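2 protein chains.
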Amino acid sequence: MYVPNETSSMKSVQGALLSSIQLDRNSQITLFQQLDKAMRKLILNGAVIANQRLPSSRQLADDLGVSRITVKNVYEQLIAEGYVYSKIGSGSFAAENLKREKSPRPNKRTLLKYSQRKSTPKHVLSEQSKRITLSKATTRIAETRSFRPGIPALDVFPRKLWNKYWKEVNTNCHDDSFGYGPTGGIPRLKNAIAAHLRDARSVNCDAEQIVITTGAQQAFVLIAFALINKDNIIWYEDPGHIAGRDAFHTMGAKICPVAIDEEGLDLDQAIATHPKPAVIFTTPSHQHPLGTTMSLVRRLQLLSYAHDNKSWIIEDDYDSEFQYRGRPLPALQALDDQGSVLYVGTFSKSLFPAVRLGYIIVPHDLVAVFSAAQSLLGQGASVLMQEVVSRFIEDGRFADHIRKMRVIYQRRRDVLTVELRRQCSDMLTPVHTDVGMHLIAWLSDGLDELKTHKALLELEIETIPLSIFSITPQTKAGLVLGFSGTAPDDIPPLVEKMANCLKSLLKANTT
Amino acid sequence: MYVPNETSSMKSVQGALLSSIQLDRNSQITLFQQLDKAMRKLILNGAVIANQRLPSSRQLADDLGVSRITVKNVYEQLIAEGYVYSKIGSGSFAAENLKREKSPRPNKRTLLKYSQRKSTPKHVLSEQSKRITLSKATTRIAETRSFRPGIPALDVFPRKLWNKYWKEVNTNCHDDSFGYGPTGGIPRLKNAIAAHLRDARSVNCDAEQIVITTGAQQAFVLIAFALINKDNIIWYEDPGHIAGRDAFHTMGAKICPVAIDEEGLDLDQAIATHPKPAVIFTTPSHQHPLGTTMSLVRRLQLLSYAHDNKSWIIEDDYDSEFQYRGRPLPALQALDDQGSVLYVGTFSKSLFPAVRLGYIIVPHDLVAVFSAAQSLLGQGASVLMQEVVSRFIEDGRFADHIRKMRVIYQRRRDVLTVELRRQCSDMLTPVHTDVGMHLIAWLSDGLDELKTHKALLELEIETIPLSIFSITPQTKAGLVLGFSGTAPDDIPPLVEKMANCLKSLLKANTT
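Heads up: the sequence lines are chains A and B, in that order. Take the first sequence: its position 80, counted from the start at 1, is 80 in the numbering used here, and no numbers get skipped. Take the second sequence: its position 405, counted from the start at 1, is 405 in the numbering used here, and no numbers get skipped.
Hints in this document: simulated from the structure, not taken from any laboratory. It is possible that some hints are incorrect.
Any copy will do: because identical chains look the same in the list, a pair fits if it lies in one copy or spans two.
Straight-line C-alpha distance at most 16 Å; calculated EDC-like pairs for lysine to aspartate or glutamate [to be verified]:
{"#": "1", "residue 1": "Lys37", "residue 2": "Asp199"}
{"#": "2", "residue 1": "Lys230", "residue 2": "Glu127"}
{"#": "3", "residue 1": "Lys276", "residue 2": "Asp308"}
{"#": "4", "residue 1": "Lys41", "residue 2": "Glu96"}
{"#": "5", "residue 1": "Lys37", "residue 2": "Glu81"}
{"#": "6", "residue 1": "Lys160", "residue 2": "Asp175"}
{"#": "7", "residue 1": "Lys37", "residue 2": "Asp337"}
{"#": "8", "residue 1": "Lys72", "residue 2": "Asp62"}
Model, not experiment: these values are computed from the prediction.
With these hints in hand, go ahead and build the complete structure from the sequences.
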């Protein structure tokens, strides 16, 4: 039997101290609970030693001035849990073998957040968790601030309509919809997504190729998990999607930056510097965050290179349904007839983040391993939520919603652009975009990205400095501003606040 | 510029074949879509070569017998996407540099499921995904069958009440509740859980120590991710929880089986065979699946050993609130004053699986790394669902629900036990349990676990053979039967079916 070592055991104190227990009759905690807790403590800390006889319940009740029933109940509880044993005719005794180490409890107030800690944790953390602490993911602010990129127009989300679908599902769906559901998602949602994507994105897939995830981030993790070994090369757009990069980095991939030119990901540079990647991460429809659309020629070259070199391509198609001019270009996946592309989509942008649903379209021969991986990593997405979104798509509500949001976002983009030009000219230059939910604004000389970002954040304006997206240092300073999540009426006064902030930063710089 | 290699490029066929395009006027696909698709194909497969002039829209419209507007729209779309370019005054031409490999598209019907494939995938999978294919997690059946262990009484779940809370949240909550929410979960839910656990499980924690997950499985993955390096030793109860073991195995831990004796996890055996584990996985309140409750002495020894050896303990407290006799024992975590225990709980059992909410109580100095890891692995649990469950707990609905389910489950346990004894005696011996949602039944000689399981599954009865839970071969054959998810009126006829099935299996064996 395991016996704790000497240093961690403690000196036993002889003598029953039970009658000295202090009970507070004015406390919200019952006398039962107070006595129960006090006795456990005395037994565990050795004040009452093993096999020591406890006073009878009558005697202790008298000593403490409580009812005998209370004491009896405490004794029974302690017997049930093994702190005390009773011998018929002899009374109750403290149990044996309860000796244990005693060490000071850490003072909670002195404990700093992990990232700020000076001392190392006493136990060991994994290699991955050391990489996590480098991740940008830890810095997310709980509340959404104005202009945070990637946030849909939650202020105009059709809550009534949405609630109607929830009520329908909560009331009428089969009991199984309250269960775990099939690995990889419910067929009904897969069918709805496949039909939608064939139409909206020319995507070339069977419903069976779709694996439902809890969002794009989980999709990236699944891909890293299923396809990447430690130190595998991954081409990553530079600047590029932050949380995806953090995921691949933490999962052990070697992130190799690929610059963006006017046709998209710079293939020649990438081949020259890091040939034969295991995985290529790209946002061809709307480069994240620069906004470039990859040309057809580049798309075909990329597919061809990936096929020749057995590289997987991750196509992150996060917001391209919000196109404000012409028809959206078909997905890269639509051109792939070799099964090289894993197409990642999310409802976080097209509906809202708390829906916690996304999907990957994978080649047929990866469906089983991805479904299993997804089940393994967290049992999958909520079936109830899948049922709600299935109906929402089937009834045409989803396509309606996209159309409505397109009009709303275009207006928000226009107002933001006009206001930035009007109020911030000479300090900040917005770049026109015809797709998506954010725009880039270049900062004039004299404005530091990080300082500007911080100063704006104090005004509840949440931009992202371009350098946060960057792997290698960028030559131009800029901010990413989301326009989709901020109501048009709020934009002019917010930009006025921005303008004043930039002015004082510039002034502070010159004086 | 990257030029695809010779072998993957293809022979160009000269000549415009546009006028030979076949359009189907009876199809549901519009003529625009048919022509658009056909022209892309001819350009991409080289039937129309680079810089070749296309017929004028008028001419092609005449040749095909479609309106000129249709052809013009197709040309415009192809120009927008880069398949075609136009020169003013000269007409439209097929774009350059679109050459690409052509290889036969795999015939979908011939593709087998990953697990059944004979050939290796052309691209490389990761080490982890090879381990996934060994996992039991891939075998889950979509629909819940009778007696599946771990499924709550979905048939009596209070849907109306639940819907009231959803409506309240969908209608009134702040826009932020439709967003991503704070990393690690919303404070409101953490507070509600901490208050509940202090009361129900004597758990010793601040709300800040709680990390909200999408269920117990994600909690195990987070723990593996944050604390385990490849080939680290993990003590795992044998037999033990399947999906948790699969997660640790797939994440690279070395699973070391620890036998269960009448006091719980056999500490002496574990120390003798695999000393100093990184992590110890245990279900002290109700051993999964055997049902043993770990004794107080063993708990204290385990805590002491873990502290002395810097091992983390995972306490999986999955169903101990359903105790049918006496008060539940406090959690192991309640005895830990060294910060060695990570306490894992889930709402999958106490509410229902599709709620996709669970939690880990971690020592203070791990909160930040766990929250970041959780955000990284999938952005966290749905804020809407967190808001609903918070209110459900705060209003006392959750405690009510547990109390009601306790009565219902006790009745279901009683009916199942009585029926098994009545109808299956001499073939199957149920073991009495006072906790949880399942029971063990030992099989008589002559009944093979796996064969019995399969035969029952064909009758829509879903037991789990004990060997599936086991790491090392067990001497006794048994099945795990869940009683919580099956209505009492359904139990007698189901057990009758079972009895007949067992009889014919025994008969087949003896003849």
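Going through the hints against the structure:
When the C-alpha separation of Lys37 and Asp199 is checked against a cutoff of 16 Å, the pair qualifies only between copies, where the shortest distance is 13 Å, while the shortest distance within a copy is 65 Å. Taking the closest pair of Cα atoms, Lys230 and Glu127 come within 16 Å of each other both inside a single copy (11 Å) and across two copies (9 Å). For the identical chains of this complex, Lys276 and Asp308 are intra-copy neighbours only, at 9 Å inside a copy versus 48 Å across copies, given an alpha-carbon limit of 16 Å. Proximity of Lys41 and Glu96 under a CA criterion of 16 Å is satisfied intra-copy only: 15 Å inside one chain copy versus 82 Å between copies.
For the identical chains of this complex, Lys37 and Glu81 are intra-copy neighbours only, at 13 Å inside a copy versus 73 Å across copies, given an alpha-carbon limit of 16 Å. Proximity of Lys160 and Asp175 under a CA criterion of 16 Å is satisfied inter-copy only: 14 Å between copies versus 25 Å inside one chain copy. In this assembly of identical chains, the alpha carbons of Lys37 and Asp337 lie at most 16 Å apart only when taken from different copies (15 Å versus 68 Å within one copy). Proximity of Lys72 and Asp62 under a CA criterion of 16 Å is satisfied intra-copy only: 12 Å inside one chain copy versus 101 Å between copies.
Taken one by one, the earlier hints all hold for this structure without exception.
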